[in-house]
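*Asks:* Residue numbers (numbering that gives the first Met the number 0), protein chains in the order written: chain G, 0 to 179; chain E, 0 to 662.
Where hints are given, some of them may not hold.
Said to hold, decoys possible - To be clear about the criterion: a stretch of chain E counts as covered by chain G if any three or more of its residues have a C-beta under 8 Å from a C-beta of chain G, and this derived list gives those stretches:
1) 165-179
2) 194-205
3) 369-378
What the hints assert, rightly or not - Quick list of in silico lysine-lysine cross-link-like pairs, DSSO-like style, CA-CA up to 30 Å:
4) E/Lys484 / E/Lys543
5) E/Lys413 / E/Lys425
6) E/Lys381 / E/Lys425
7) E/Lys83 / G/Lys104
8) E/Lys83 / E/Lys413
9) G/Lys41 / E/Lys83
10) G/Lys104 / G/Lys41
11) E/Lys413 / E/Lys336
12) E/Lys381 / G/Lys104
Treat the hints as calculated values from the structure; they're not laboratory data.
Each residue gets a CB set at the ideal place from its N, CA and C atoms; glycine is no exception.
The primary structure of each chain is shown beneath.
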Amino acid sequence: MFSGNRRILYLLPAAVFIVLCGFLLRGLSLDPALVPTALIDKAVPHFDLAPLDSQASPLASADLSGEVTLVNVFASWCGPCRIEHPLLMEIAEMDNINLYGINYKDDPAIARDWLTELGDPFTRIGADRDGRVAIELGVYGVPETFLIDREGRIRYKHVGPISEEDWSRELLPLIRNLRQ
Amino acid sequence: MISEIGHIALILSLTIALVQGTAPMIGAARGDGQLMAIGKTAALLQFFFISIAFLALMNAYVTSDFSLANVAQNSHSAKPMLYKIAGVWGNHEGSLLLWVLILATFGAAVVFFGGNLPPTLCARVLAVQAFIAVGFLSFTLFTSNPFERLFPVPLDGNGLNPLLQDPGLAFHPPFLYLGYVGFSIAFSFAIAALIEGRVDAAWARWVRPWTLVAWSFLTIGIALGSWWAYYELGWGGWWFWDPVENASFMPWLAGTALLHSAIVCEKRDALKAWTILLAIVTFSLSLLGTFLVRSGVLTSVHAFATDPARGVFILAFLVVVVGGSLALFAIRAPQLKSGGLFSPVSREGGLVLNNLLLTSAAATVLLGTLYPLFVDALGIGKISVGPPYFNTVFIPLMTPLVVLAGIAPVLTWKRADLYGVFLRMKFVAILTLLVVAWCLYETWGSTFLGTLGIGLSAWVGIGVLVDMGARVGLFRDRIRVSLSKAMRTPRSIYGMNVAHIGLAFLVAGITASSAWRTEVLRVVQVGETVSVSGYEFVFHGVEKIQGPNYSGERGHFSVNGDTRDAIQLFPENRFYPVQQQPTTEAAIYTSWRGDLYAVLGEPDAQGGWSARLYFNPLVAWIWLGALVMALGGAISLSDRRHRVGAPHRIMSGKANNRVATNV
Chain G
0 MFSGNRRILY LLPAAVFIVL CGFLLRGLSL DPALVPTALI DKAVPHFDLA
50 PLDSQASPLA SADLSGEVTL VNVFASWCGP CRIEHPLLME IAEMDNINLY
100 GINYKDDPAI ARDWLTELGD PFTRIGADRD GRVAIELGVY GVPETFLIDR
150 EGRIRYKHVG PISEEDWSRE LLPLIRNLRQ
Chain E
0 MISEIGHIAL ILSLTIALVQ GTAPMIGAAR GDGQLMAIGK TAALLQFFFI
50 SIAFLALMNA YVTSDFSLAN VAQNSHSAKP MLYKIAGVWG NHEGSLLLWV
100 LILATFGAAV VFFGGNLPPT LCARVLAVQA FIAVGFLSFT LFTSNPFERL
150 FPVPLDGNGL NPLLQDPGLA FHPPFLYLGY VGFSIAFSFA IAALIEGRVD
200 AAWARWVRPW TLVAWSFLTI GIALGSWWAY YELGWGGWWF WDPVENASFM
250 PWLAGTALLH SAIVCEKRDA LKAWTILLAI VTFSLSLLGT FLVRSGVLTS
300 VHAFATDPAR GVFILAFLVV VVGGSLALFA IRAPQLKSGG LFSPVSREGG
350 LVLNNLLLTS AAATVLLGTL YPLFVDALGI GKISVGPPYF NTVFIPLMTP
400 LVVLAGIAPV LTWKRADLYG VFLRMKFVAI LTLLVVAWCL YETWGSTFLG
450 TLGIGLSAWV GIGVLVDMGA RVGLFRDRIR VSLSKAMRTP RSIYGMNVAH
500 IGLAFLVAGI TASSAWRTEV LRVVQVGETV SVSGYEFVFH GVEKIQGPNY
550 SGERGHFSVN GDTRDAIQLF PENRFYPVQQ QPTTEAAIYT SWRGDLYAVL
600 GEPDAQGGWS ARLYFNPLVA WIWLGALVMA LGGAISLSDR RHRVGAPHRI
650 MSGKANNRVA TNV
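In isolation and in its complexed conformation, chain E is listed as follows:
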């Protein structure tokens, strides 16, 4: 019964979305306030009904109602409660429902926070949002209905893939979708602006917080996914350039570019058409990711069960949404007047270069991801594109980007003082060279790329610290003066610097864990000691274990550090009888210096066990860096100009220069 209510609620929200997609659009064209106001009510109603549908499905999972085909295929009565709940979005149908729920949540959020938007813009944004919802709701209802009944009702379900029975799964998809779907708001704003034919500083200021929210969530979502792969897949890696990973990485790269170009749009009234295009492209890449994951055109480790009918539906939807918006862009964008001029050496110039590098990177990932498909479709052959390609093309693109991030804070708008930049950076460069020298001393004879990466990380980190020091007059002014300067520095500056510090952590983590990882694979006997990168792993044996829905073996290693107590590691091999599937659970000890990582293998005939033991230096810095980047986004979001800064739309071009001066 509850499931039928959920089904009806889903159908209702589709009809509401149809109204929301049309009435406000007509209202905005005619200047009819009542028609436009329908948009807000409809957005709230849509959120209400989709929530009911989602809760109904969750209820079916929690109560193990196997009369629903979706629950029977993906759940099991003996599964722990957390995974019953997380199992709702651990499958194609349920994850689509989560997708539309988040879409509706963002729609409702526009109603809540968009009080200062001009009525026509708000109406159009909500209408575009509703169009996207119509597409996804009909996709759910017509091809992937989670409320389909099953008869006869099975006694128990098939269970959830054991690899997905992990706390990481509970949080990874929601964050990822908050990111993907969050970019729909920037998209809707872009389409609304194209329809209105007007893009100005106020528009950019409205779009930016939504982009920041989506970008921060996507950053966390990708980091969670990579962290999950690192500890669950059990071979010490954290990024595999898998098509589905790339599908989340492309919108992130484009979204990062958007984040930066929107600043130029807001402060200098320039790069308007480009910013609009980026907003469209970022969300289009999110949609493309959906298509790749759910259509089966590419092979991937975590594609959903695929169905050609679904692929055709999403492709048709892509053509309408992306094709339509790019056509609108081609017609309307040439009419957008560009504002402020700037010299190549300026903050604008730096941001343009940043955008070129980020979009090139996104294009590179797109090419690498789809290349096997291109080659196959042209009948040339079958190939796969792997890490060697991505590493080769990524390092040359990311190196100048990171160098730029180090200089960024020093560049001023319009025209930077080249001599001043040089003076400031000379100091940063000397400190960076000291770090590089120390790194060479510590890791003598090791790779060039490792040293380069550490140098880049130091460059950004030191650049940020020197910038903050200079801003508050550290060591130059008295403490009290410095403190008050620190208080008056806008949050957006802190946001930028914190995010860039995150980048420094990320680069250091990626570099060290790739360049200096130690891996030992061998058969160990009980009592034997294995040395990995200076850490002594002692093997104490293996015992049988019994979990709630699995059985398995648990190995025991202890590692003696120089000073502290021994570290205990318990890697497990589990077997899930419902799915007849084994999993490995790596044992990981994390510290600032790096991770000790142990994986238990198979027993041999002589009573020994094969084991893989790793030391992954600085690997935790990768996820720390991503979190700090997202934190930077959140700090920037709390800047007061996003809250009170843009209540009045600035009509005259002159007024724009006023906002351009404060940073």
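With the rest of the complex left out, here is chain G:
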């Protein structure tokens, strides 16, 4: 090997490291927990769910157009849902925000007790007992929240419990945007 080439060879580790650092620096400003959905900007898949409470109104994909809507996927057995719940109650208090719930793989009786204890923020709740609709929606785990526009298309998905910050920085501005 020629000596000139050798010098370059010795520089190689440092060069690789510089590139690596570039990526690491970029990585610091990215959020790895942000999971995209293949359904963004697509119409909500067709579904028709029975209500959680037999006296209440059911939830179907047809109900999700006409108004900007939030759909929260929750379960009584899910710890983070309990954390998220007070914020959902606050959101429900705000005027003209449509908040629907999908009760995921849950015992309806236990889910009803859970909502009686913590309060029920949802105008409609569909019971997705076998989780089939959640699969259609590409749900990874509970809680997840979908933002749906007037045309019934999914515009945003939030994975995990919504924090105050997520609400004021991400979701609320998006909702205002969609309303215009």
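Start from chain G and add chain E according to the hints.
*Replies:* For chain E alone, kept in the frame of chain G given last:
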């Protein structure tokens, strides 16, 4: 008050580290003995003050002093004492303090054991160590201070994550850090050698014991972590290719390569620049692991609570330390003269191939770990890289490596006698084929990979036994002669062979537990019998239990073997009210043949319970193998040449050949 003493001690050790990083370096450049001697005193003082800081934090945990924010967030008065102590390093701030404590311990150890080092080399090594300490101490003090006070003082703490309330946690991080941080010594030696512009056999001989120590600890640390995951996470697996696991595995692979290349450097005065580079890379990968775990750039099951400011700090530190040392390498390494020549078929050739495979493996893990980040940063999309990738790329890399380990003892330095190698290995190959045939007979119709793995394991194991037999002239010489030959065989040979036997155990355990694991998931009624891989599990029901800081249910299974008494298994589901978190405690019965593993699930409406029952063949061999490997490291460490072998630095090139002959 005690906490304030700890805080002050930490600040003091930072100032001492600043002195230790500069004075000896200047002293070494000027040839000023007094300035150089400051390094030793400073290293001991630093160890003393960091110990005080660590003990102060431990005191706060033991006495449940919730006026410290760190204790309030991570401890609870009702926690058992062992976890109060282990809780010190069960969080970001405390584990950093453990990190710097171990760094200081190694610094002090260099002072104790480095009596025969040339003064300039010793001064420079201690200065480089101090530089690393400055980085980590300022990181601790400025972004992650464990002594921060909290007001108003809460009545009780938030408690420790129940998954971490386990004896495994008490020992896993200290061993892991002893490994990670231990490699800092090899790094400091490499930087010091680059500054001095001289690498010779004596240098390699000084570096090797430190590398052996770090490598053995890291091996045990990783094994403990994997064992913990196996029994605590409750789904029968022991390695998940999680980014944080990979973060510990990469330095291990690079460190293993370093361990082997340092031998060539010592015995044959070759591969100098490469060995230096490996020493830098190994510790850099340890630092990278720290960055990945604590910055939040990757999703992982056991990342610490993350904070972008911390990520920026560690990245800046990485750039200075790793970037600086690689730049130094690029400038200085081309001037290192390489010594001994060798033919491709020789022990050197084998070790070069070993290094290529190990570093390729490390690069593969690095690529797989960071690939989601690359793709995300380039805006191409979001992906995750999982076990299929790692298994696909690992098996082709590890297969030749293990084959090589079987041949290794037979290869001689400089030029191996190919015909002799062939003759010796022919015998090993026949025995291996017998094992493979037996394996095919026992597990007829099962996987190709399973048979391959068992064959590889047998190849290494038999290779080692045949080598030891040949060395002592077993069955050829009289017993007395054999014994005296065995006594005269250097410890390093035993070390190598024991470590390779460990590798054979490891390969067998990984293979069998992946290829022939049986899993049964079903709802069981009281009195019902479930058959798993020939073992009859009888379900006796579930009772309520109450622990010190949890409540839960305990199931009861008994398993009837053919001859021995019934084995009793008690899997538990626990609920920790402080954290509102459930955990599963698998019940495991370990034997040579494999593990019986039971996990209790949820009750159903008809009085039955769902349960997962496994038979994991040979799975305990994995951890046994890792322990035997670490034992091999310890035996090699006790070789007399590390103790008395290198008191005088060998100046002339000719003298190097003398040390090259004894193995």
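*Asks:* Now tell me if each hint is right for this structure.
*Replies:* Quick rundown of the hints versus the structure:
1. Counting residues of the region 165-179 of chain E whose CB lies closer than 8 Å to any CB of chain G gives 0, which falls below the minimum of 3, so the coverage claim is violated.
2. Counting residues of the region 194-205 of chain E whose beta carbon lies closer than 8 Å to any beta carbon of chain G gives 0, which falls short of the minimum of three for the stated coverage.
3. A stretch counts as covered by a chain when three or more of its residues have a beta carbon under 8 Å from one of that chain; for the region 369-378 of chain E and chain G the count is 6, and the coverage holds.
4. Our distance criterion of 30 Å between C-alpha atoms is broken by E/Lys484 and E/Lys543, whose separation comes to about 61 Å.
5. Simply put, E/Lys413 and E/Lys425 have alpha-carbon atoms about 22 Å apart, close enough for the 30 Å limit, and the pair holds.
6. The suggested pairing of E/Lys381 with E/Lys425 is violated, with an alpha-carbon distance near 50 Å, which exceeds 30 Å.
7. A hinted pair counts as satisfied when its Cα atoms are at most 30 Å apart, and E/Lys83 with G/Lys104 does not qualify at roughly 38 Å.
8. For a cut-off of 30 Å, the pair hint linking E/Lys83 to E/Lys413 is broken: about 55 Å separates their Cα positions.
9. Restraint check: the Cα-Cα separation between G/Lys41 and E/Lys83 comes to about 51 Å, which exceeds 30 Å; the hinted pair is violated.
10. Our distance criterion of 30 Å between C-alpha atoms is met by G/Lys104 and G/Lys41, whose separation comes to about 25 Å.
11. As the CA atoms of E/Lys413 and E/Lys336 are separated by approximately 18 Å, the hinted pair is consistent with the 30 Å bound.
12. Pair hint E/Lys381 plus G/Lys104 holds up; C-alpha atoms about 27 Å apart against a cutoff of 30 Å.
Violated hints, listed in ascending order, are 1, 2, 4, 6, 7, 8, 9; each of the other numbered hints is respected by the structure.
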